[in-house]
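Since the structure of chain A is already known, use the hints to place chain B on it.
These protein sequences, in sequence, are chains A and B.
Letter by letter, the first sequence follows residues 380 to 861 in our numbering.
Letter by letter, the second sequence follows residues 13 to 323 in our numbering.
No lab work stands behind these hints, which were simulated from the structure alone.
Yeah, the Cβ is synthetic: ideal placement off N, Cα and C, and Gly gets one too.
The reader is advised that the hints may include incorrect statements.
Claimed, not checked - Below, a list of computed lysine to aspartate or glutamate pairs in the EDC-like style, where the Cα atoms sit at most 20 Å apart:
id	chain 1	residue 1	chain 2	residue 2
1	A	K453	B	E166
2	A	K648	B	D121
3	B	K265	A	D641
4	A	K432	B	D121
5	B	K87	A	E452
6	A	K432	B	E114
7	A	K432	B	E128
8	A	K648	B	E166
9	A	K453	B	D264
10	B	K99	A	E452
11	B	K113	A	D641
12	A	K567	B	E166
13	A	K453	B	E102
14	B	K113	A	E449
15	B	K99	A	E449
16	B	K113	A	E584
17	A	K453	B	D121
Stated by the list, open to error - Output of the computed footprint for chain A on chain B, the stretches with three or more beta carbons under 8 Å from beta carbons of chain A:
id	stretch
18	67-74
19	256-267
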Amino acid sequence: MHTSELLQKYYVDSSTWDEMYRNDSVREQYRAVVDFLQQLSIDELNKKEELAKRLFMSQGITFTVYSSGEGVEKIFPFDIIPRIITASEWDHIEKGIKQRLKALNLFLKDVYHNQFILKDGVVPVDMVYSCPHYLRVMHQFPVPYDIYVHISGIDLIRNSDGSFYILEDNLRTPSGVSYMLENREITKRIFPDLIPANHVRSVTEYPTILHKNLVSLSPRQIANPTVVLLTPGLYNSAYFEHTTLARLMGVELVEGRDLVVDNHKVFMKTTTGLQQVDVIYRRVDDDFLDPLIFNRGSLLGVSGIMNAYRKGNVAIVNAVGNGVADDKAIYSYVPAMIRYYLNEEPILKNVPTYQLANTEEREYVFKNITNMVVKKTNESGGYGMLMGHAASEEEITKYKAEIIKDPRQFIAQPIISLSSSPCYMNGTLTPRRVDLRPYALCGPDGIEIVPGGLTRVALREGSLVVNSSQGGGSKDTWVLGK
Amino acid sequence: MLSRVADSLYWMSRYMERCDGMLRMLKINYAASQDDMDEFSWVPALKLFSYMDEEEAGAISKNSRDVLLYMVTAKENSNSVLNIVTKARENGRSVQDHITKEMWQCLNDFYHMMREESISDWLKKDDPITILDTLLKQCTVYFGTTDVTMARGESHAFINLGKFLERGVQTADILDVKFSALDGEYDKAADTTYWKYLLLSISGLELYLKTYRGGFEAANIVEQSVLNGNFPRSIMYSVKNLRQYFERLRSDKNYTSFNEVMFMIGKLESKIKFSTTQTIVNEGLSKFLQETKTDFLEIGNALNKNYFAYS
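Isolated chain A (complex conformation):
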């Protein structure tokens, strides 16, 4: 069988936006790739898929699943067909994310200081105070350069009309950026010459920009401040990402047990004694950061680190307490924040969101629950979700009871279909649903977004859930230069 036949078998549901096809013809941006694929045989494509798997395995781009006392290495599924974004689409996305981040940063500063937005009634007070990620310890603490969100991974999806919507703001410890970098490296290996021929913009600047931003936050004005990346450790599923970033930036990868606080300064234990730490890029959640302030049982954090932070002796990235801004209930107020702080209309739309704490909205959602997604406001990774169209009566009844108990912890959104993108599966091309997570970096010089991101794909047929914990995979994401 030849690949051209395989492309003819590509069926797109008419109610879904497809990234590659429109009215049975290939979109301009995909044409060069499709032409290239058509020159290959199924055998060659299978070999390329095999090569990709081997490269991931050999480089240790894996996570470990522990069963019966033995660790088994797994790779996150990778689809070899790239997802392509045109220059004008990217331009729109970039502007929209920058605008949104600007507003979210201002919101965080406001909500931990003067609280104008609450006093003016734009965001309800109880909405903020009932959020478990709103941290009293951050009150009246001036973070360096007023930047809270140094690193974000905002999730976008595409509705059936092709317009982009914001699905979630991830402002705490967003992960996946190493996959953006590694997926590109793998594509270079499996499709030689294809990337330069398509004028794909490079993503390799990411660690350089991040490092530059981290260094600029050092409280000590010295030539070589000590920057570290704090990981929960070897058994964390994102450990590979932590080592990759540490390596690419040339900074020390530390665990909580490597650090100690003395006289409100943070030190790391080295072979030549204690060395002061200036900037910490932490991949440990707020809750586990300091057992003296937060979760007392945490062994991942460092006792006293919050006091060192509040004294201004160490910079912590992302800032502590960001969870109040990416709470799923606060999410629905972000367009209002953009109007309030920036006096601009939001460039990227929000998905309509119903607050279940509001009686009218809750009743509406309960009536239409089969067309809704219900989510917990402070869960991520696709956990604790109810997909109305796929759930059984029983599941719905149980879930409703849970909502009634504490409605503030839930929101609902109409099911958005997500755009589809071609995936190579078992010798054929099949459309699968995708989202997009670009990574934005915010430093004293402004917001920078490397042209690319992580495209997550729901590998199960018909599935709308792209999270890796729920059977999702990823794709290399191309932003075209022209």
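Positioned in the frame of chain A, the structure of chain B alone reads:
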């Protein structure tokens, strides 16, 4: 450098050196077992590289393939090649940002290779030397990659401390087991194959033949494997390198720690430097080797206390 990182580098390196020494030993012993199975026993090798007692070792010592399976792929043997490589790789994994990407890939590939079912199948059915050679080559690639890609900084120093300490202990161990089997009556092994395989298991036969004329003599073997500073598996060579790499850690910041360990390494080096085969034999070879092993062990403990203590 972080103490935890130094510790992991040191152990990654010790495990890889152990893996290499073990594979060499297994290969030569297997070859010896093909010469004369009646004379040959796996017991010394098993005692050296596993936690088996005399009885357990004796039970499988006449079946080479069982021994190889136990020593190479057995999950229940914490000192099998599989487990040693897994430990080396886990240590490497936790310090990926301190070793080069090439080294990490090399360790990772070795680990995935060890987990393949085909290795057991080969050891059961095919020529074991071929598979042992394949595994040895993985070790060699690791050593070469380390040499070619690692910057000569602190990381490299800790890697070499682990390597040469492990090698010194190993040579002392091998000599001790082999010589003590003769109960001091070195002429008893009139059969040259005994000495030949001893030298082969520390890759020293060719040098011996070039240096000494007129057959195998216990005193010459001791001279080469203990005192010859140009023989890369001699105790002298290991200690010399241990000292040289340790000197690179000299720093104003931890003067006391450095001196404490340096004193111990220097003392051991002097002791070997100012020994002759005659003084060693007079003092008793076994006692000399035991003391040397204790010295290595104490140097390891001192490194642990002064450089790796982080919890």
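Going down the list of hints, with the structure as the test:
Among the hinted pairs, K453 of chain A with E166 of chain B is inconsistent with the structure: their alpha-carbon atoms are about 33 Å apart, more than 20 Å. Under the criterion of a C-alpha separation no larger than 20 Å, the hint pairing K648 of chain A with D121 of chain B is inconsistent with the structure, at around 31 Å. For the suggested pair K265 of chain B and D641 of chain A, the alpha carbons sit about 18 Å apart, so the restraint of at most 20 Å is met. Taking the CA atoms of K432 of chain A and D121 of chain B, the gap is about 13 Å. The hint holds against a cut of 20 Å.
At roughly 17 Å between alpha-carbon atoms, K87 of chain B and E452 of chain A fall within 20 Å of each other, so this suggested pair holds. Our distance criterion of 20 Å between C-alpha atoms is met by K432 of chain A and E114 of chain B, whose separation comes to about 18 Å. Restraint check: the Cα-Cα separation between K432 of chain A and E128 of chain B comes to about 16 Å, which is no more than 20 Å; the hinted pair holds. Annotation: proposed proximity of K648 of chain A to E166 of chain B holds, straight-line Cα distance about 15 Å (limit 20 Å).
Proposed proximity of K453 of chain A and D264 of chain B is contradicted: the alpha carbons are some 45 Å apart, above 20 Å. For the hint pairing K99 of chain B with E452 of chain A, the CA-to-CA distance comes to about 15 Å; that is within 20 Å, so the pair holds. The suggested pairing of K113 of chain B with D641 of chain A is violated, with an alpha-carbon distance near 35 Å, which exceeds 20 Å. At most 20 Å may separate the alpha-carbon atoms for a hinted pair to count; K567 of chain A and E166 of chain B exceed this at roughly 34 Å.
Taking the CA atoms of K453 of chain A and E102 of chain B, the gap is near 15 Å; set against the 20 Å cutoff, the hint holds. Proposed proximity of K113 of chain B and E449 of chain A is contradicted: the alpha carbons are some 25 Å apart, above 20 Å. The suggested pairing of K99 of chain B with E449 of chain A holds, with an alpha-carbon distance near 13 Å, which does not exceed 20 Å. The hinted pair formed by K113 of chain B and E584 of chain A meets the criterion: a straight-line CA distance of about 19 Å does not exceed 20 Å.
At roughly 14 Å between alpha-carbon atoms, K453 of chain A and D121 of chain B fall within 20 Å of each other, so this suggested pair holds. For the stretch 67-74 of chain B, the stated coverage by chain A is violated: 0 residues have a C-beta nearer than 8 Å to a C-beta of that chain, whereas at least 3 were required. Residue count for the stretch 256-267 of chain B with a Cβ under 8 Å from a Cβ of chain A: 4. That meets the three needed, and the coverage hint holds.
Taken one by one, the earlier hints fail for this structure at numbers 1, 2, 9, 11, 12, 14, 18, listed in ascending order.
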